[in-house]
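**Student:** Please construct the entire structure, taking both the sequences and the accompanying hints into account.
If you want the building blocks of each chain, they are given just below.
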Amino acid sequence: MRVMIGLIENEALKILRRKRFRLVLVVLAALLCVVVFAQNRQQQNQRRDHPERDWRAQAEKRASDLERQVGQRRLPENFKKWMRYESGRLRYHLARGINPNEITGPVFTRGFAGVGTVLLIPLLIAVFGADLVSSEFAEGTITLLLTRPVARWKVLLSKVVAMMLFTTLTLLAAFFLAWGISGVAFGWSGWGAPILTGFRLSGSSPSAGFDLTDVRMVPLWQDTFAAWGLAWFSALAVGSITLLLSVVFRSAAAAMGTMMATLVGGTILSRVASDWDGAKWFFVTNLPLPDFYAGLPTPFEGMTLAFSVWVLLAWAAASLAAAFLLFTRRDVTA
Amino acid sequence: MAYNMVVSAADVVLSAEGLAKRYGDREVVSDVSFALHRGEVFGFLGPNGAGKTTTIRMLVGLVKPSRGRIVIDGHDLGQEFEAAMRRVGCIVETPDLYKFLTGRENLEHFARMLGDGAAGRIDTLAALVHMDGRLDGVVRTYSLGMRQRVGIAQALLSDPAVLILDEPTNGLDPAGIREMRELVRRLAGERGLAVFVSSHLLSEVEKMVDRIAIVHRGRTLAAGTLAELTDGGNRGLEDLFLELTGGETV
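Same order as they appear, the protein sequences are chains A and B.
When the letters of the first sequence are read in order and numbered with numbering that gives the first Met the number 0, they come out as residues 0 to 333.
When the letters of the second sequence are read in order and numbered with numbering that gives the first Met the number 0, they come out as residues 0 to 249.
There could be a bad hint or two in this list.
To be verified - Mimicking EDC-like on lysine to aspartate or glutamate, the simulated pairs with C-alpha atoms at most 16 Å apart in a straight line are:
#	chain 1	residue 1	chain 2	residue 2
1	B	Lys98	A	Asp330
2	B	Lys63	B	Glu16
3	B	Lys63	A	Asp330
4	A	Lys153	B	Asp30
5	A	Lys153	B	Glu79
6	B	Lys63	B	Asp95
7	B	Lys98	A	Glu10
8	A	Lys79	A	Asp213
9	B	Lys63	B	Asp30
10	A	Lys60	A	Asp48
11	A	Lys80	A	Glu101
12	B	Lys206	B	Glu242
13	B	Lys206	B	Asp158
Note that these hints are calculated values from the structure, not bench results.
If you're wondering where the values come from, they're calculated on a predicted model, not measured in any experiment.
**Tutor:** Structure (structure tokens):
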């Protein structure tokens with residue numbers, strides 16, 4: 000056990016000293032600055048067009064209307080539930096003098112989990128994960144690494160653990176950077192705000208209404224915690240597949256390129272061939288877990304949050320199994 | 000061909016029996032056998048392409064033999080990999096250290112994999128290989144000689160019984176070659192290590208070994224003490240070598 004901890008320490012040291020992780024943090028910070036700046040500009044333009052006093056009056060009117068309708072009309076129970084939630088949400092904001100249509104730091108942070116899981120975070124994982132094994136072969140250090148009294152599977156296991164560790168660190172960094180940077184523009188508080196989530200389209204036609212059965216009202220921090228947790232799970236799956244690519248390829252560039260091509264291919268597929276159900280079995284199409292959790296439409300028929308979680312789990316497990324098999328059986332000839 | 004395995008079996012630290020390795024339909028090593036004894040320097044000679052490097056890679060677990068058995072200090076390498084490897088230190092071709100780490104960090108990295116306080120030996124080993132005080136630069140800045148020395152230090156980290164060196168003088172200047180030779184003889188003589196040196200530089204090998212094996216096309220053609228095979232010095236090693244290997248390289 001002590002040896003395993005030593006092995007993990009080795010891998011962590013190598014990741015840090017290769018400076019790839021530093022690059023990940025820099026990219027995250029730079030990107031967030033740009034996005035926050037852009038959204039801030041957008042919000043300022045909106046404020047200019049709809050001055051402050053307007054939102055209060057609007058919110059007040061809307062809340063009163065909803066409260067009245069709930070009492071008076073005979074509506075389906077789902078609808079009434081939603082109306083109560085929505086009026087409650089508006090009252091919360093009115094009481095605190097917060098414009099419910101505006102972004103706060105916490106709102107941005109919650110949104111970032113959804114937006115980041117499809118391309119950005121997987122790419123960042125690939126940046127530091129792709130050379131976990133391939134660099135040992137490319138630089139020749141694999142010879143010294145494997146001629147030790149340590150079974151090969153233990154060596155690979157330490158790399159798997161290091162990958163998971165740094166994936167978690169990446170997610171934590173993304174979270175705090177998102178909150179920190181967006182807070183500068185939009186304020187850091189607002190975690191207690193109630194939000195409504197769980198809306199679903201009640202059909203696949205473009206004019207379908209909303210299915211309100213699963214709508215729930217939760218404090219923002221709770222929704223954010225769930226969303227980021229799912230983003231973390233998604234990232235771990237990407238990390239596992241990246242590790243397999245790193246075992247297969249001797250070049251980190253090849254491993255990274257393959258992962259990037261797959262990710263981009265997935266987004267193209269979702270857009271272009273949304274009628275082909277078979278695509279739901281690919282891991283790329285199942286990455287946006289936070290969006291599925293929030294009830295956004297899935298790209299292909301038959302996908303649910305639970306389905307996607309299982310598909311990603313299967314892909315991760317299969318990738319790790321293949322990686323172990325390849326790594327332990329391979330003849331190291333050069 | 001009769002093998003001269005005269006020395007007592009109890010002194011055998013590493014034995015290879017009937018090693019073979021096949022890649023697809025090509026047999027790179029067909030039948031290699033030898034035994035290594037405590038405190039001796041053993042030369043493994045052969046022309047390029049004879050299967051020396053493949054054999055060495057099999058000895059240290061990098062390549063899996065198609066046939067044959069390797070036993071190190073009583074442990075079968077195939078069955079008890081970790082126990083066997085603990086008794087071995089090796090340098091396979093030029094030791095590729097982590098270039099972005101310092102010499103010391105490299106040694107600490109490998110010491111951590113041993114887990115038994117090997118890190119405490121780093122300073123002593125650094126002194127042994129004449130690298131004391133020079134371990135704190137990044138390996139990227141080291142000369143080849145310095146890297147070779149750190150390579151020897153990492154091979155000795157686990158206090159092994161067997162040291163396996165594949166072409167250790169590769170790329171070294173004459174001073175470096177002599178230093179290597181003296182170190183090898185010292186390790187075998189003073190510390191009782193069994194040292195296995197593979198090389199195609201006959202003149203170098205002649206100066207440091209006790210016993211040799213000559214391989215060609217994946218087979219052991221001759222084995223015995225240097226004295227026996229060169230008829231007490233009457234016959235040149237080079238002549239014997241070229242005669243057995245037909246003066247050809249593969």
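**Student:** The structure should be examined with respect to each hint, and the outcome stated for every one.
**Tutor:** Evaluated hints:
1. Simply put, Lys98(B) and Asp330(A) have alpha-carbon atoms about 24 Å apart, too far for the 16 Å limit, and the pair is violated.
2. Using a Cα cut-off of 16 Å, the hinted pair Lys63(B) and Glu16(B) holds, with the two alpha carbons roughly 14 Å apart.
3. For the suggested pair Lys63(B) and Asp330(A), the alpha carbons sit about 6 Å apart, so the restraint of at most 16 Å is met.
4. For the proposed pair Lys153(A) and Asp30(B), the alpha carbon gap of about 32 Å is over 16 Å, so the pair is violated.
5. For the given pair, Lys153(A) sits about 15 Å from Glu79(B) by alpha-carbon distance, which is consistent with the 16 Å threshold.
6. Distance check on the hinted pair: Lys63(B) and Asp95(B) sit about 21 Å apart at the alpha-carbon level, beyond 16 Å; violated.
7. Under the criterion of a C-alpha separation no larger than 16 Å, the hint pairing Lys98(B) with Glu10(A) is consistent with the structure, at around 15 Å.
8. As the CA atoms of Lys79(A) and Asp213(A) are separated by approximately 13 Å, the hinted pair is consistent with the 16 Å bound.
9. This hinted pair checks out: Lys63(B) and Asp30(B) have alpha carbons roughly 15 Å apart, not beyond 16 Å.
10. With a CA separation close to 20 Å, the supplied pair Lys60(A) and Asp48(A) exceeds the 16 Å bound.
11. Distance restraint check for Lys80(A) and Glu101(A): the Cα-Cα separation of roughly 24 Å exceeds the 16 Å cut-off, and the hinted pair is therefore not satisfied.
12. With a CA separation close to 20 Å, the supplied pair Lys206(B) and Glu242(B) exceeds the 16 Å bound.
13. Taken as a hint, the Lys206(B) and Asp158(B) pair is broken in the structure, with Cα atoms around 25 Å apart against an allowance of 16 Å.
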